[in-house]
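**Student:** Here is how the chains run, residue by residue.
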Amino acid sequence: MSLTRQDVDKIAHLARLQVTEQEMPVYVKSLSAIVDFVAELARVDTQDIAPMAHPLVGQHQRLRPDEITESDRHEQYQRNAPRVQAALYVVPRVIE
Amino acid sequence: MHTLSIGELAQKLAAKQISSLELTDHFLERLSRLNPALNAVITPTVDLARAQAAAADRRRSAGESGPLLGIPLIHKDIFCTEGVRTSCGSRMLDNFVSPYDATVVSRLRCAGAVMLGKSNMDEFAMGSSNETSYYGPVKNPWDLTKVPGGSSGGSAAALAAGLAAFATGTDTGGSIRQPAALTGVVGFKPTYGRVSRYGMIAFASSLDQAGTFTRSAQDAAIVLQAMAGFDPKDSTSVDRPVPDYQGLLGAPLKGLKIGLLQEFFEGLDERNGALIHAALAEFRKLGATTCEVSLPNLPLSVPTYYVVAPAECSSNLSRFDGVRFGYRCEDPKDLMDLYKRSRGEGFGAEVKRRIMTGTYVLSAGYYDAYYLKAQKIRQLITDDFRRAFESVDMLIGPTTPTPAFAIGAKVDDPITMYLNDIYTIGANLAGLPAVSLPCGFVDSLPMGLQLVGPHFAEDSLLNAAHGYQQVTDWHRRTPAGYA
Chain A
1 MSLTRQDVDK IAHLARLQVT EQEMPVYVKS LSAIVDFVAE LARVDTQDIA PMAHPLVGQH
61 QRLRPDEITE SDRHEQYQRN APRVQAALYV VPRVIE
Chain S
1 MHTLSIGELA QKLAAKQISS LELTDHFLER LSRLNPALNA VITPTVDLAR AQAAAADRRR
61 SAGESGPLLG IPLIHKDIFC TEGVRTSCGS RMLDNFVSPY DATVVSRLRC AGAVMLGKSN
121 MDEFAMGSSN ETSYYGPVKN PWDLTKVPGG SSGGSAAALA AGLAAFATGT DTGGSIRQPA
181 ALTGVVGFKP TYGRVSRYGM IAFASSLDQA GTFTRSAQDA AIVLQAMAGF DPKDSTSVDR
241 PVPDYQGLLG APLKGLKIGL LQEFFEGLDE RNGALIHAAL AEFRKLGATT CEVSLPNLPL
301 SVPTYYVVAP AECSSNLSRF DGVRFGYRCE DPKDLMDLYK RSRGEGFGAE VKRRIMTGTY
361 VLSAGYYDAY YLKAQKIRQL ITDDFRRAFE SVDMLIGPTT PTPAFAIGAK VDDPITMYLN
421 DIYTIGANLA GLPAVSLPCG FVDSLPMGLQ LVGPHFAEDS LLNAAHGYQQ VTDWHRRTPA
481 GYA
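From first to last, the protein sequence lines stand for chains A and S. Note that this note's numbering has the first sequence beginning at 1, numbered continuously upward. Note that this note's numbering has the second sequence beginning at 1, numbered continuously upward.
Hints may be right or wrong, so weigh each one.
[Said to hold, decoys possible] Each pair of labels, with its calculated beta carbon distance range:
1) E40(A) <-> P252(S): 41 to 47 angstroms
2) R271(S) <-> V90(A): 55 to 61 angstroms
3) Q6(A) <-> G83(S): 43 to 49 angstroms
4) A281(S) <-> T20(A): 52 to 58 angstroms
5) G7(S) <-> H13(A): 51 to 57 angstroms
6) E40(A) <-> S444(S): 45 to 51 angstroms
7) P92(A) <-> R319(S): 16 to 22 angstroms
8) D244(S) <-> T20(A): 35 to 41 angstroms
9) P296(S) <-> H60(A): 25 to 31 angstroms
10) D244(S) <-> R83(A): 41 to 47 angstroms
11) Q6(A) <-> D337(S): 18 to 24 angstroms
12) A281(S) <-> Q6(A): 53 to 59 angstroms
13) H60(A) <-> K333(S): 41 to 47 angstroms
14) A51(S) <-> D36(A): 32 to 38 angstroms
[As the list claims (entries may be wrong)] If you want the footprint, here are the derived chain S segments under chain A, 3+ residues with CB under 8 angstroms:
15) 174–184
16) 319–331
17) 370–383
[Stated by the list, open to error] Over 10 angstroms on every C-beta distance to chain A, these chain S residues come out as not near it, computed from the model:
18) S32
19) S206
20) G267
21) S391
22) H455
It should be emphasised that the hints constitute simulated quantities derived from the structure, not laboratory data. For each residue, glycine too, the CB sits at the ideal point set by N, CA and C.
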């Protein structure tokens, strides 16, 4: 296996994902298989090749003027929130 | 009525032989009767559909006309629809009611198209069989024990079963073309940036593109006309005029140069290869010339994709944090527990696998070896295509290596599943337009051929596809029981 259980634990933590005991062996195996599968790329000579920045030649990320274009719709948006109080998103206490 | 093209339905509507409400009720009746066995549509919008149909009929009475006015469609559930649940096939968004419409949705509504419902899909568009959906797999109407392909499997199956006149989809690595091939319909993926991504839930932003499922190339031209065009709300949308796709159809194919993609034929099932060669013979009869073309870096497409796409996915899906919208776990003990359990419980196995793959390839010490390397190889693949298009107008090959496979056959082996997209991923990496067309049958299941063109060659791809469909009738076949 190219990845150990400890590797997957660390990746899961970085990704903020809980991985259960039952899931762990499956991910160790399948993530190792994927890492092995993409290892083929290391053998390709890419000297002097610039990494692709955009699928279309000459296109670049457009910027817009810094102007207010949206109206306040927070009530509508917050209808999808798990917990809201006084128009604020409620999460477990983070400051003691 | 459910096997007619958009053009034929539009004629009936214009001649007042039928109203949009009658047409909509016809499809809604089929949907309620046939969908339970297929699981293609996860959110029917019956009342909304009837209201939109009545509105289309009023617009027509007021003198308005248009090729999509009153035509019923199904949207992939990746497109945000205001006031309607937009789940993206995930438990994470099972309770998400979008507060706004995707640009694709609003454009088609403005054109008068009637939304019948939202289609099932692989969770967050990650899958090639529609088996990763939180709502269960979609069945292929040609054989209910087979997958319809994915990730837009619900849209493909719904159209093949005659539950709508057309459907929308998205294609990040083949998610329109592969299911179109496996269900015997036309799947069109436009050039990157041609159709707005605004309101289309992001998977891999440098690859995602919206497109169409239709019964013919002509129908694809009609729908693409309404969908395509500049949108200031999408920073990668291309500001470039949209040609009159339908008006350009019918141009003779004499002199068209089609390149046969050698790399796509290595190890290909003989019966599949024979179908592509038969299609080539038809193109030659229409005056096209054909030659063999090699893209030496193309075989690197799948590993390149499985670095780039998961990397972008892990970044895009970090927004699902259990705080602002979507699923939240019960009784989180602290903020970290809230994040980890909300995401761990809200996402399915394949989505978590891709997030972790992406997190790994982007993590400190690995970025250069994986992501940067993959983006360099992506450039090599793109350069291969560019060189090929210096000598040919378009490329041809199979859409998939095999016909539809059995439900459950590949779920335990991600690499085998990923290789389903071996012929489709190249066009996404290079941002190219491509279309899958029905071209015959293997083991009584439909197969597709794929045409890939240079950037913004939508018009010539549609014209070539239309020419082929004038002399063949594979696209008119209907699965038994759905005629």
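**Student:** Give a verdict on every hint.
**Tutor:** Going through the hints against the structure:
Checked against the given bound of 41 to 47 angstroms, the beta carbons of E40(A) and P252(S), roughly 44 angstroms apart, stay inside it. At about 60 angstroms, the beta-carbon gap between R271(S) and V90(A) stays in the expected band of 55 to 61 angstroms. Distance hint check for Q6(A) and G83(S): the Cβ-Cβ separation is about 47 angstroms, which falls inside the suggested range of 43 to 49 angstroms. Range check, A281(S) to T20(A): Cβ separation about 55 angstroms, and the 52 to 58 angstroms hint holds.
A C-beta distance of roughly 55 angstroms is found between G7(S) and H13(A), which places it inside the suggested range of 51 to 57 angstroms. Taking 45 to 51 angstroms as the suggested C-beta distance range, the pair E40(A) and S444(S) does not conform, at roughly 36 angstroms. The given range of 16 to 22 angstroms is respected by P92(A) and R319(S), whose C-beta atoms sit roughly 19 angstroms from each other. Range check, D244(S) to T20(A): about 55 angstroms between beta-carbon atoms, so the 35 to 41 angstroms window is missed.
Here the CB-CB span from P296(S) to H60(A) is close to 29 angstroms, well matched to the stated 25 to 31 angstroms. Between D244(S) and R83(A) the Cβ separation comes to about 51 angstroms, which falls outside the hinted range of 41 to 47 angstroms. Q6(A) and D337(S) have their C-beta atoms about 21 angstroms apart, which keeps the hinted 18 to 24 angstroms range intact. About 58 angstroms separates the C-beta atoms of A281(S) and Q6(A), a value consistent with the hinted range of 53 to 59 angstroms.
One distance hint, 41 to 47 angstroms for the beta-carbon pair H60(A) and K333(S), holds here, with the actual separation near 45 angstroms. For A51(S) and D36(A), the hinted distance range of 32 to 38 angstroms is not satisfied, since their beta carbons lie about 53 angstroms from each other. Only residues whose beta carbon comes within less than 8 angstroms of a beta carbon in chain A count, and the segment 174–184 of chain S has 0; fewer than three means the coverage is violated. By the rule of at least three residues with a Cβ nearer than 8 angstroms to a Cβ of chain A, the coverage given for the segment 319–331 of chain S holds, with 8 such residues.
Here the segment 370–383 of chain S counts 11 residues with a CB under 8 angstroms from a CB of chain A, which clears the bar of 3, and the coverage holds. At the 10 angstroms boundary, the C-beta of S32(S) stays outside the reach of chain A, the nearest C-beta of that chain being 28 angstroms off. A beta-carbon of chain A comes within 10 angstroms of the beta-carbon of S206(S); the shortest separation is about 6 angstroms. Interface exclusion of G267(S) from chain A stands, the closest Cβ pair being 17 angstroms apart, more than 10 angstroms.
The claim that S391(S) is not at the interface with chain A holds, since no C-beta of that chain comes within 10 angstroms of its own (minimum 19 angstroms). For H455(S), the requirement that its beta carbon stay farther than 10 angstroms from each beta carbon of chain A is not met, with the minimum near 6 angstroms.
When the structure is compared with the earlier hints, violations turn up for hints 6, 8, 10, 14, 15, 19, 22 and for no others.
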